[in-house]
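Protein chains in written order, with the UniProt record's numbering: chain S, 1 to 337; chain U, 1 to 337; chain G, 1 to 337; chain Z, 1 to 337.
Mixed in with the good hints there might be a few duds.
Unchecked claim - Think about it this way: if two alpha-carbon atoms lie no more than 30 Å apart in a straight line, the pair counts; the simulated DSBU-like pairs of lysine-lysine are: (1) K23(S) x K6(Z); (2) K202(S) x K215(S); (3) K70(Z) x K7(S); (4) K15(G) x K215(Z); (5) K6(G) x K23(U); (6) K202(U) x K115(U); (7) K315(S) x K6(U); (8) K315(Z) x K93(U); (9) K6(U) x K108(G); (10) K23(U) x K108(S); (11) K325(G) x K325(S); (12) K325(Z) x K315(G); (13) K278(S) x K93(G); (14) K327(U) x K70(Z); (15) K6(Z) x K278(G); (16) K325(U) x K155(Z); (17) K7(S) x K93(U); (18) K70(Z) x K215(G); (19) K70(S) x K93(Z); (20) K7(U) x K315(G); (21) K215(Z) x K7(S).
These are computed hints drawn from the structure, not numbers from a lab.
Number of protein chains: 4
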Amino acid sequence: MIITLKKNAPERDVKRLMQRFEKQGLQVTAIYGEEFNVFGLVGDTSRLDERTIMANPIVHNVQRVAEPYKLANRMFHPEDSVIDVSGIPVGGKKVVMMAGPCSVEGRKQICRIAKEVKDAGADLLRGGAYKPRTSPYSFQGLGSDGISYLAQARKETGLPVVTELMSAEHLDEFIDQVDLIQIGARNMQNFDLLKAVGRTRKPVLLKRGMSATIKEWIMSAEYIMSEGNPNVIFCERGIRTFETYTRNTLDLSVVPIIKERTHLPIIIDPSHAAGDWKLVESLSLAAIAAGADGLIIEVHDDPENAWSDGQQSLKPERYAQLVNKAKAIAQVVGRSL
Amino acid sequence: MIITLKKNAPERDVKRLMQRFEKQGLQVTAIYGEEFNVFGLVGDTSRLDERTIMANPIVHNVQRVAEPYKLANRMFHPEDSVIDVSGIPVGGKKVVMMAGPCSVEGRKQICRIAKEVKDAGADLLRGGAYKPRTSPYSFQGLGSDGISYLAQARKETGLPVVTELMSAEHLDEFIDQVDLIQIGARNMQNFDLLKAVGRTRKPVLLKRGMSATIKEWIMSAEYIMSEGNPNVIFCERGIRTFETYTRNTLDLSVVPIIKERTHLPIIIDPSHAAGDWKLVESLSLAAIAAGADGLIIEVHDDPENAWSDGQQSLKPERYAQLVNKAKAIAQVVGRSL
Amino acid sequence: MIITLKKNAPERDVKRLMQRFEKQGLQVTAIYGEEFNVFGLVGDTSRLDERTIMANPIVHNVQRVAEPYKLANRMFHPEDSVIDVSGIPVGGKKVVMMAGPCSVEGRKQICRIAKEVKDAGADLLRGGAYKPRTSPYSFQGLGSDGISYLAQARKETGLPVVTELMSAEHLDEFIDQVDLIQIGARNMQNFDLLKAVGRTRKPVLLKRGMSATIKEWIMSAEYIMSEGNPNVIFCERGIRTFETYTRNTLDLSVVPIIKERTHLPIIIDPSHAAGDWKLVESLSLAAIAAGADGLIIEVHDDPENAWSDGQQSLKPERYAQLVNKAKAIAQVVGRSL
Amino acid sequence: MIITLKKNAPERDVKRLMQRFEKQGLQVTAIYGEEFNVFGLVGDTSRLDERTIMANPIVHNVQRVAEPYKLANRMFHPEDSVIDVSGIPVGGKKVVMMAGPCSVEGRKQICRIAKEVKDAGADLLRGGAYKPRTSPYSFQGLGSDGISYLAQARKETGLPVVTELMSAEHLDEFIDQVDLIQIGARNMQNFDLLKAVGRTRKPVLLKRGMSATIKEWIMSAEYIMSEGNPNVIFCERGIRTFETYTRNTLDLSVVPIIKERTHLPIIIDPSHAAGDWKLVESLSLAAIAAGADGLIIEVHDDPENAWSDGQQSLKPERYAQLVNKAKAIAQVVGRSL
């Protein structure tokens with residue numbers, strides 16, 4: 001940790017501050033500059049709070065040198081982690097394809113679409129049972145019934161299922177019936193929920209919050225991992241910007257960054273990012289070219305009558321076309337699909 | 001609701017779409033333009049999903065005319081709502097002052113600071129017991145003990161207390177011992193938590209999410225109100241932007257906007273917005289001049305040793321000065337304090 | 001144009017407003033709703049100013065149905081425009097590769113790098129002579145000398161050159177010696193400069209402003225085109241967001257959007273977007289997979305001693321590797337390179 | 001400047017880098033940490049380019065300790081600068097009021113409004129003659145005629161005038177006839193224009209760019225000052241965010257920040273920030289309470305027929321009310337008006 005002090009700081013105050021650090025077992029080295037004096041602290045600084053050190057009137061600036069994440073950090077875990085989702089490896093050579101409707105609308109619907117996406121090449125089935133909706137007057141999902149319909153679709157197709165958990169209250173149901181637990185963008189910093197899934201061993205799909213920095217996102221993975229669950233998969237779904245032609249702005253630079261800084265897999269959700277099915281194919285191919293470990297895409301066989309998000313859903317035949325093109329791109333970047 | 005169709009839409013498809021709306025009891029009026037045709041739907045359109053209508057390939061655009069909030073909407077409730085927080089009216093003539101440390105650090109600390117802020121002119125005591133922290137390795141709050149220390153401070157000073165609820169699991173404890181339940185920025189769209197506090201009658205302080213639009217924020221209030229709890233107070237605490245000299249960007253335009261569009265009170269948190277105590281006084285006076293119903297400010301008697309957020313905490317004597325200036329500003333805008 | 005009036009608007013005021021529109025030759029149709037009345041205006045509304053109509057106290061909202069761009073709009077020009085840059089077609093089947101150093105640092109340097117990027121597969125040479133720098137104390141570019149060194153490099157390699165014009169004052173020099181005039185992000189809404197290049201027939205590379213919406217960006221192209229110059233190429237270089245691990249956030253959704261809404265080519269600048277050479281290859285391949293018409297990439301043979309932006313520059317050998325992979329991706333999406 | 005090196009950096013490379021700095025006359029001090037090694041450079045580092053040092057593969061991070069601005073920096077110029085605008089001091093005890101229409105629409109109009117705002121208490125007259133408009137089809141301002149009408153209004157009322165300069169081409173006209181030259185938000189980083197006004201001694205009103213950080217904004221002032229013109233006044237006019245209920249988000253924290261870091265005056269433009277006259281009074285009072293040195297407000301006597309921006313213009317009688325309230329707020333914060 002590097003602490004910059006104001007040049008006119010009274011010597012006695014400087015001494016007192018440095019002694020405080022030394023008492024905590026840190027080694028302090030000073031650099032005297034023309035406009036500022038700089039102190040480097042060597043040792044375990046993880047217990048120090050930058051914002052409290054900044055409260056000291058003689059302090060000009062505080063900077064951490066090391067990243068605050070340990071378990072997710074590639075520095076301490078150089079090999080890629082491959083997460084096993086009920087037999088499907090995520091983060092290995094194969095690019096993993098997750099697909100399905102925004103909402104589970106009924107048993108028949110989800111089983112029918114499950115077969116369609118499986119035929120088109122999907123590896124996992126997605127479908128919302130508990131739905132985070134901006135309005136209390138919008139369809140809130142089929143809840144527990146939706147979960148059992150998903151389980152039925154898994155039974156019929158063999159596809160593992162991924163769906164969103166909104167409250168720790170439903171965790172048991174998810175442990176029993178869901179293969180990959182999604183933590184949605186709005187709950188990325190619902191720390192109690194992160195800790196709850198961290199106490200299981202279930203794979204977790206951690207979506208990036210709408211305005212989360214990459215560092216905060218990794219710290220949320222660290223919450224899950226620090227409770228004992230190492231099975232975290234990142235999912236980028238677009239961030240909030242000023243642009244209005246898209247629902248969110250997909251940030252593909254996260255793919256090489258997450259791979260450089262962590263050892264965990266990362267997949268891309270182009271459907272929620274774009275909010276428009278016409279953009280989904282372009283962004284999907286781009287994601288794989290950038291090195292993503294998978295895609296999660298909304299597919300519906302009757303988007304015009306979908307119970308939610310019809311605008312961003314692909315029809316199964318278009319999804320099949322996308323999978324074919326994605327295969328060719330995957331091959332170019334040394335992956336299979 | 002206004003739906004714009006592409007000019008080249010096949011007549012049969014247009015008819016079919018319009019019939020679907022008419023079957024739902026809506027009245028349809030058409031305007032034929034040069035580049036687009038426009039259809040206005042009159043009736044209860046709240047069940048329609050814009051994003052599903054957009055899935056129709058002949059649709060160019062969909063626009064809601066009425067705002068999606070009803071219970072919070074001033075249009076249907078023209079008088080100001082004044083929320084009673086254990087005897088303190090929020091939203092009336094008096095500007096309400098909430099103050100206290102970022103974290104409850106112990107019984108003595110919170111009782112001592114409670115007396116100091118009361119002497120300086122505070123009406124409510126704030127203090128975090130359950131703390132949302134970016135890092136799992138940071139101090140997570142004293143939890144249940146912190147809540148009982150707050151209750152002790154209330155007993156000693158008579159100040160009602162406000163503190164953050166992070167999980168519905170602790171709701172009973174809050175109903176018993178807390179006067180104003182804070183929903184933090186990171187949980188503004190934790191809809192299960194909103195519904196849980198909506199099922200009580202406890203006053204709720206609803207902080208704006210870091211990247212929430214004003215409309216989304218009001219919709220979160222609507223969640224609480226639609227479960228039966230009308231006692232919602234908005235709290236602006238800065239939004240996330242590209243600027244790095246401040247922790248967040250305080251958006252004071254929300255004050256007149258919330259007052260025009262809703263009937264609920266709004267208070268301002270300059271401490272979290274700025275992230276720097278040196279900016280707090282300026283922003284506090286600005287907030288009152290803009291018409292805010294109150295302020296929530298971090299005050300600590302030893303910021304350099306605070307367990308969190310020392311940088312943005314005022315010392316009690318500075319807080320007392322701020323209260324005095326705030327009084328004079330309040331008077332100019334027809335308020336008391 | 002669709003105008004929503006408040007329900008309680010006095011009838012006389014409504015009539016007066018409608019008569020004003022009718023006097024301007026517009027046809028007015030009314031839809032009477034429960035909470036609002038809606039008026040559709042048919043005819044040439046391009047002379048109307050939305051923000052002035054909004055000044056009328058009875059008006060609730062104003063919405064344009066048609067996009068404000070005409071010359072750039074694909075609706076009126078369905079075929080792709082292919083821009084000829086001194087013999088290199090941009091926007092055709094071939095993906096165009098532009099490469100070179102951030103700054104022209106001398107005659108030898110630019111000629112040497114020109115040969116290297118040509119050997120690696122580049123079609124055009126980039127290099128800054130007039131440099132927009134945040135600080136007046138930073139290197140401001142070699143100016144006119146830099147332009148003549150670029151011309152020398154073109155002579156030696158045959159590569160057409162692209163470089164930034166910062167002031168209309170230097171336009172003559174650019175017309176003589178430059179093949180593709182770049183308008184930088186900071187000048188995207190320097191309307192006098194746009195008009196100046198619009199009065200020439202030189203191809204223009206129009207970078208997106210750091211916080212420009214796609215609509216504003218297209219309107220800046222419209223400025224150039226409305227002065228008589230149809231040769232505009234869009235260039236996305238990342239937008240400003242809250243993220244700090246990258247210099248800017250590259251927005252690849254612009255590729256399908258620009259292609260849907262306009263008939264003009266679009267290329268991607270991954271170097272300025274990422275600000276880090278380690279991200280450039282991933283983002284380059286992603287851009288081509290998304291359908292971009294070209295790439296502009298910073299290449300320097302001694303980045304550690306570059307006069308500017310060394311951090312984001314690729315070495316020539318890495319650039320050559322990137323071009324090879326890009327070729328394979330281009331083929332998958334039906335392009336050549 | 002502080003440079004963090006990767007722990008595994010080969011010693012020879014570290015030595016070579018340090019020697020390079022020492023050759024440039026800098027003194028190097030090392031701190032050896034557990035995960036990184038840190039080097040502090042003491043001396044004149046202003047010639048170093050951070051982004052080029054970052055190009056070195058052994059470098060982990062580079063951080064400047066001192067701010068990059070010198071002439072604007074309060075550290076080297078502790079007293080407030082008061083700028084004389086044709087006899088009106090800006091930055092002194094009196095809060096300065098600038099007002100007038102968005103566009104100069106004719107001689108009579110500007111002279112009439114000039115008298116109205118003067119009667120209401122304005123100190124300077126604003127009015128756009130050269131107008132930056134998003135669309136080439138919108139009214140572009142009366143240009144040179146507009147400037148002469150402003151001069152006429154000044155003659156009739158004695159109010160100095162402020163208006164926007166969009167191109168150095170018109171600088172002579174502005175030097176002759178304008179008292180305060182406005183550099184608009186879109187030209188905040190039009191460095192050639194900044195240098196041009198920097199070579200005069202005319203006071204300059206420097207608007208903040210729509211997505212400019214405060215540091216970049218101060219650096220643009222530094223451009224003007226480094227050419228010899230110390231007469232710079234900052235003007236905040238809102239920044240671009242995701243919020244859509246306002247045109248821009250007014251950032252009032254800039255007031256105490258600019259005053260802490262620079263010695264220059266800062267005024268606020270609530271009209272462009274809000275984009276809605278109904279918000280202007282609240283934000284104006286807030287700005288003065290926050291410590292602003294002045295306000296620039298759009299006033300029009302017939303907003304519903306204004307040639308531009310009617311929605312955000314106050315009528316003269318409302319402006320007069322605002323001035324009265326502003327006076328009382330100014331007094332509370334120790335200012336006059």
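Results for each hint:
no.	hint	result
1	K23(S) x K6(Z)	27 Å, holds
2	K202(S) x K215(S)	23 Å, holds
3	K70(Z) x K7(S)	16 Å, holds
4	K15(G) x K215(Z)	51 Å, violated
5	K6(G) x K23(U)	28 Å, holds
6	K202(U) x K115(U)	25 Å, holds
7	K315(S) x K6(U)	21 Å, holds
8	K315(Z) x K93(U)	28 Å, holds
9	K6(U) x K108(G)	57 Å, violated
10	K23(U) x K108(S)	25 Å, holds
11	K325(G) x K325(S)	16 Å, holds
12	K325(Z) x K315(G)	62 Å, violated
13	K278(S) x K93(G)	21 Å, holds
14	K327(U) x K70(Z)	39 Å, violated
15	K6(Z) x K278(G)	16 Å, holds
16	K325(U) x K155(Z)	41 Å, violated
17	K7(S) x K93(U)	47 Å, violated
18	K70(Z) x K215(G)	38 Å, violated
19	K70(S) x K93(Z)	53 Å, violated
20	K7(U) x K315(G)	52 Å, violated
21	K215(Z) x K7(S)	21 Å, holds
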